[in-house]
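Asker: Below are the chains, spelled out letter by letter.
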Amino acid sequence: NAGVTQTPKFQVLKTGQSMTLQCAQDMNHEYMSWYRQDPGMGLRLIHYSVGAGITDQGEVPNGYNVSRSTTEDFPLRLLSAAPSQTSVYFCASSSLLAGIETQYFGPGTRLLVL
Amino acid sequence: AQSVAQPEDQVNVAEGNPLTVKCTYSVSGNPYLFWYVQYPNRGLQFLLKYITGDNLVKGSYGFEAEFNKSQTSFHLKKPSALVSDSALYFCAVRGFSSGSARQLTFGSGTQLTVLP
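Which chain is which? The protein sequence lines are A and B, in order. Per this note's numbering, residue 1 is the first one in the first sequence, and the count goes up by one each step. Per this note's numbering, residue 1 is the first one in the second sequence, and the count goes up by one each step.
Keep in mind the hints are simulated off the structure, nothing from the lab. Any given hint might turn out to be false.
[What the hints assert, rightly or not] Label-pair ranges, simulated between beta-carbon atoms:
(1) B:40 x A:26: 21 to 29 angstroms
(2) A:67 x B:54: 39 to 47 angstroms
(3) A:77 x B:58: 36 to 44 angstroms
(4) B:84 x A:99: 26 to 34 angstroms
(5) B:42 x A:84: 32 to 40 angstroms
(6) A:99 x B:61: 18 to 26 angstroms
(7) B:62 x A:3: 20 to 28 angstroms
(8) B:70 x A:14: 48 to 56 angstroms
(9) A:26 x B:45: 16 to 24 angstroms
Beta carbons are placed, not taken as given, at the ideal position from N, Cα and C, and that holds for glycine.
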């Protein structure tokens with residue numbers, strides 16, 4: 001199993017550009033989530049999904065969109081990047097039976113918005 | 001709203017000495033509490049959890065945590081620190097109200113450095 005994979009590892013954007021952060025898992029997990037990690041603030045939940053076709057907002061959803069067309073993939077879209085979105089983004093997944101606390105985290109995507 | 005506080009940004013301890021990383025929480029109802037570790041350039045890894053039962057829970061890599069309901073604390077401990085324990089540690093809480101509160105809320109993290 002590859003676990004949770006994220007691409008790209010690093011990205012530089014200009015203000016106003018759009019991009020999609022990719023996330024995939026091969027463990028057949030129902031639950032997937034996106035977090036951003038900023039210094040001194042821990043991880044904050046952006047969006048999450050409990051299954052294909054079902055998504056919901058987390059703590060900091062503004063400026064981000066998600067979709068879940070398959071169990072495996074959960075892309076995060078930035079429609080118009082802003083410097084405040086400079087952060088490290090983590091995707092995670094877990095089975096609902098095991099509990100979301102046992103989430104497997106991907107290696108992260110470092111995003112710099114100029 | 002649920003919240004987690006990790007009052008120490010940085011904890012330094014000598015190898016072989018006991019270590020404690022502090023965490024306090026605020027949540028409606030009974031909490032589910034968790035500890036995670038993050039090594040450089042990696043995602044978080046689950047260490048241990050408290051759901052109910054014994055107030056002392058044991059987890060991976062020799063870590064344990066003590067739940068104290070009256071002090072709303074869930075401190076991470078290890079009897080004898082290793083240099084390889086040096087990492088960023090996060091406490092998290094999950095509550096039981098609706099919507100996002102059913103998700104995990106993380107503390108700001110504590111950088112543990114074990115000195116040889």
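Asker: Now tell me, hint by hint, if it's right for this structure.
Answerer: Consistency of the hints with the structure:
About 25 angstroms separates the C-beta atoms of residue 40 of chain B and residue 26 of chain A, a value consistent with the hinted range of 21 to 29 angstroms. Checked against the given bound of 39 to 47 angstroms, the beta carbons of residue 67 of chain A and residue 54 of chain B, roughly 42 angstroms apart, stay inside it. Between residue 77 of chain A and residue 58 of chain B the beta carbons are some 41 angstroms apart, a value that agrees with the proposed interval 36 to 44 angstroms. The hinted window of 26 to 34 angstroms between residue 84 of chain B and residue 99 of chain A holds, with their beta carbons roughly 27 angstroms apart.
Our hint of 32 to 40 angstroms for residue 42 of chain B and residue 84 of chain A is violated, since their Cβ atoms are close to 25 angstroms apart. Between residue 99 of chain A and residue 61 of chain B the beta carbons are some 20 angstroms apart, a value that agrees with the proposed interval 18 to 26 angstroms. The supplied range of 20 to 28 angstroms is met by residue 62 of chain B and residue 3 of chain A, whose beta-carbon atoms lie about 24 angstroms from each other. Our hint of 48 to 56 angstroms for residue 70 of chain B and residue 14 of chain A holds, since their Cβ atoms are close to 52 angstroms apart.
For residue 26 of chain A paired with residue 45 of chain B, a C-beta distance near 18 angstroms keeps the hint of 16 to 24 angstroms intact.
Checked against the numbered hints above, the structure breaks only hint 5 and satisfies the rest.
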